[in-house]
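Residue-level listing of the chains:
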Amino acid sequence: MSLSPDSPRKPMTVTALTISVKLRLEEHYPGVLVAGEVSNFTKAASGHWYFSVKDAGATLRCVMFRGFALRTRFDPRDGTQVVVRGGLSLYPQRGEYQCIVEELTQQGVGSAELALRRLKEKLLQKGYFAPDRKRRLPLYPRRLALVASPTGAAIRDMLQILKTRWPYAEVIVRPSRVQGEGAAAEVAAALRTLSGLHVSRRLPLSAIVVGRGGGSSEDLAAFNEEAVADAIFESAVPVVSAVGHEIDVSVADMVADYRALTPSEAITALCPDCVAMLDGLTDTAARLDDAVTHRVALARQRLTQLAERPALRKPFERVREAEQKLDDWGTRLARAAERRLTRSGEQLAALADQLEGLSPLNVLKRGFTLTTLADGRLLRSAREVRPGDALRTRTPDGVVVSRVLETPGS
Amino acid sequence: MPDPTPPVRFEVALADLEKILRELEDGTTSLEDAMARYERGVGILKACYGQLRDAEQRIRQLTGVSEDGTPEFKPFDHAASVEAARPARRPKPSADDLFG
Numbered sequence: 001m002s003l004s005p006d007s008p009r010k011p012m013t014v015t016a017l018t019i020s021v022k023l024r025l026e027e028h029y030p031g032v033l034v035a036g037e038v039s040n041f042t043k044a045a046s047g048h049w050y051f052s053v054k055d056a057g058a059t060l061r062c063v064m065f066r067g068f069a070l071r072t073r074f075d076p077r078d079g080t081q082v083v084v085r086g087g088l089s090l091y092p093q094r095g096e097y098q099c100i101v102e103e104l105t106q107q108g109v110g111s112a113e114l115a116l117r118r119l120k121e122k123l124l125q126k127g128y129f130a131p132d133r134k135r136r137l138p139l140y141p142r143r144l145a146l147v148a149s150p151t152g153a154a155i156r157d158m159l160q161i162l163k164t165r166w167p168y169a170e171v172i173v174r175p176s177r178v179q180g181e182g183a184a185a186e187v188a189a190a191l192r193t194l195s196g197l198h199v200s201r202r203l204p205l206s207a208i209v210v211g212r213g214g215g216s217s218e219d220l221a222a223f224n225e226e227a228v229a230d231a232i233f234e235s236a237v238p239v240v241s242a243v244g245h246e247i248d249v250s251v252a253d254m255v256a257d258y259r260a261l262t263p264s265e266a267i268t269a270l271c272p273d274c275v276a277m278l279d280g281l282t283d284t285a286a287r288l289d290d291a292v293t294h295r296v297a298l299a300r301q302r303l304t305q306l307a308e309r310p311a312l313r314k315p316f317e318r319v320r321e322a323e324q325k326l327d328d329w330g331t332r333l334a335r336a337a338e339r340r341l342t343r344s345g346e347q348l349a350a351l352a353d354q355l356e357g358l359s360p361l362n363v364l365k366r367g368f369t370l371t372t373l374a375d376g377r378l379l380r381s382a383r384e385v386r387p388g389d390a391l392r393t394r395t396p397d398g399v400v401v402s403r404v405l406e407t408p409g410s
Numbered sequence: 001m002p003d004p005t006p007p008v009r010f011e012v013a014l015a016d017l018e019k020i021l022r023e024l025e026d027g028t029t030s031l032e033d034a035m036a037r038y039e040r041g042v043g044i045l046k047a048c049y050g051q052l053r054d055a056e057q058r059i060r061q062l063t064g065v066s067e068d069g070t071p072e073f074k075p076f077d078h079a080a081s082v083e084a085a086r087p088a089r090r091p092k093p094s095a096d097d098l099f100g
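Note that the protein sequences, when read in sequence, are chains L and C.
If you read the first sequence in my numbering, its first letter stands for residue 1, the second for the next number, and so on.
If you read the second sequence in my numbering, its first letter stands for residue 1, the second for the next number, and so on.
Honestly, the hints are just simulated from the structure, not real lab data.
This one's a predicted model, so the numbers in the text were calculated from it and none came from an experiment.
Don't take every hint at face value.
As the list claims (entries may be wrong) - Listed below are several chain C residues computed to face chain L (Cβ distance under 7 angstroms; list not exhaustive):
{"no.": "1", "residue": "L17"}
{"no.": "2", "residue": "L24"}
{"no.": "3", "residue": "E25"}
{"no.": "4", "residue": "G27"}
{"no.": "5", "residue": "L31"}
{"no.": "6", "residue": "A34"}
{"no.": "7", "residue": "Y38"}
{"no.": "8", "residue": "I44"}
{"no.": "9", "residue": "C48"}
{"no.": "10", "residue": "Y49"}
{"no.": "11", "residue": "R58"}
{"no.": "12", "residue": "A95"}
{"no.": "13", "residue": "F99"}
Said to hold, decoys possible - Below, computed lysine-lysine pairings styled on DSS-like, alpha-carbon distance capped at 30 angstroms:
{"no.": "14", "chain 1": "L", "residue 1": "K54", "chain 2": "L", "residue 2": "K43"}
{"no.": "15", "chain 1": "L", "residue 1": "K43", "chain 2": "L", "residue 2": "K10"}
{"no.": "16", "chain 1": "C", "residue 1": "K74", "chain 2": "L", "residue 2": "K163"}
{"no.": "17", "chain 1": "L", "residue 1": "K120", "chain 2": "L", "residue 2": "K134"}
{"no.": "18", "chain 1": "L", "residue 1": "K54", "chain 2": "L", "residue 2": "K22"}
{"no.": "19", "chain 1": "C", "residue 1": "K19", "chain 2": "L", "residue 2": "K134"}
{"no.": "20", "chain 1": "L", "residue 1": "K126", "chain 2": "L", "residue 2": "K43"}
{"no.": "21", "chain 1": "C", "residue 1": "K46", "chain 2": "L", "residue 2": "K163"}
{"no.": "22", "chain 1": "L", "residue 1": "K10", "chain 2": "L", "residue 2": "K22"}
To be verified - The calculated label-pair distances, taken between Cβ atoms and stated as ranges, are:
{"no.": "23", "chain 1": "L", "residue 1": "K122", "chain 2": "C", "residue 2": "E18", "range": "42 to 48 angstroms"}
{"no.": "24", "chain 1": "C", "residue 1": "R22", "chain 2": "L", "residue 2": "A189", "range": "46 to 52 angstroms"}
{"no.": "25", "chain 1": "C", "residue 1": "S66", "chain 2": "L", "residue 2": "A276", "range": "37 to 43 angstroms"}
{"no.": "26", "chain 1": "L", "residue 1": "T304", "chain 2": "C", "residue 2": "R22", "range": "25 to 31 angstroms"}
{"no.": "27", "chain 1": "L", "residue 1": "T268", "chain 2": "C", "residue 2": "R22", "range": "28 to 34 angstroms"}
{"no.": "28", "chain 1": "L", "residue 1": "E181", "chain 2": "C", "residue 2": "A55", "range": "37 to 43 angstroms"}
{"no.": "29", "chain 1": "L", "residue 1": "A189", "chain 2": "C", "residue 2": "M35", "range": "52 to 58 angstroms"}
{"no.": "30", "chain 1": "L", "residue 1": "G79", "chain 2": "C", "residue 2": "T63", "range": "29 to 35 angstroms"}
{"no.": "31", "chain 1": "C", "residue 1": "A36", "chain 2": "L", "residue 2": "K122", "range": "55 to 61 angstroms"}
{"no.": "32", "chain 1": "C", "residue 1": "R22", "chain 2": "L", "residue 2": "E308", "range": "29 to 35 angstroms"}
For each residue, glycine too, the CB sits at the ideal point set by N, CA and C.
Okay, chain L solo, but in the shape it has when bound (with noise of 0.2 angstroms):
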């Protein structure tokens, strides 16, 4: 068996074979896949990489050059788990085969993922992040902007919220794509539209508020770019995202003043709820009343205390006192003067009545009469008159004139 029949024993230059092996190896790998760990890395001054992947099992050389060198997006270092693609060659003047990487990445690690963390850091490092930068939101907002889809949940779930629990906000609504090719400048563009008008104070807001339901992950690019990061930095009014994934906090999320989980949490986040702002007023008016009475009730009782004093209690308690007893006594002598007046038409009636009974009047009404002598002295005895004297007979029906004609002694 032999690679070259024709020439049994002529040798081949060690050139030719590097060559014939190198163009095998670039025929039969022209592109792999190679997952392992960074060995030997070193960055050359000319730009290129140079360093080995390798398993427990193996090393592969591995050569990155400037061009694709500064497209990676992280720093490899010795240990850091990779996937390189690549194709294989083979280096003739060191006899080493090796990988002409093209790309590199870190394992587990999508290359959108890489450059989302890429714009977090720079985002980072130019203090869209700040905590301290986070503006406070209204407490009763009056005007709302809401940037989410027209016709999906998110609005719906928004708005569905708002008329329950704070009615009192109007509602501007700037329709935008959230997905898709084109999403992330629809969204800045409605934001930069939406805090110009509230700068020119042609429309002022409280807040805006971008949403979009929950999906997938890849859902969420349009909310991890760069131009919708720096509309939502820029903006004059607070901005609330409502970006709905609750695993992946999205750049949009990030710079946001506040964030919310869902559009619904957003809204409920940022107004209050109007049914219990009402029983507190209900509850604020008890305190008003309350307060109020008992500022009386307090007055009242400083007026008693002051009255108390003796240096203005006597000279008021002295008139009082007088005031009190002319009253007292007018009452008591109009009633005095009245029951003795009733005392006196009875006392009359009874004399009357007794003066009556006693009136020898009415002693002749019982068949009596009354005799007086000549000089009006009542005839008591036989022995005041003689014969031949005049005598007046009283009856109850007139006086009777008569003499006398016998008397017991003549």
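Take the given structure of chain L and dock chain C to it, following the hints.
Below, chain C alone, put in the same frame as chain L:
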């Protein structure tokens, strides 16, 4: 058209109410002042009540901005399915009044 009743700034109104309550509960104001504050408190409360009770959400869609910077609106369609038809009421004060 000027608004019949200016909208309440709740931040200001509620802060005023709290202040009035504190002063009344302090008991250090004169009786006359206390009565005046009470009257004012009741007035603020009434205004707040009214604004909240009569609130009717207004939803507009911002369609664009004209060349001179004026915002352009149209009624928001989605609202039709969300908001049940309500009887017409008197026009509400504009939110602009709160932004001075």
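Give me the numbers of the hints this structure contradicts, sorted from smallest to largest. 8, 15 and 30
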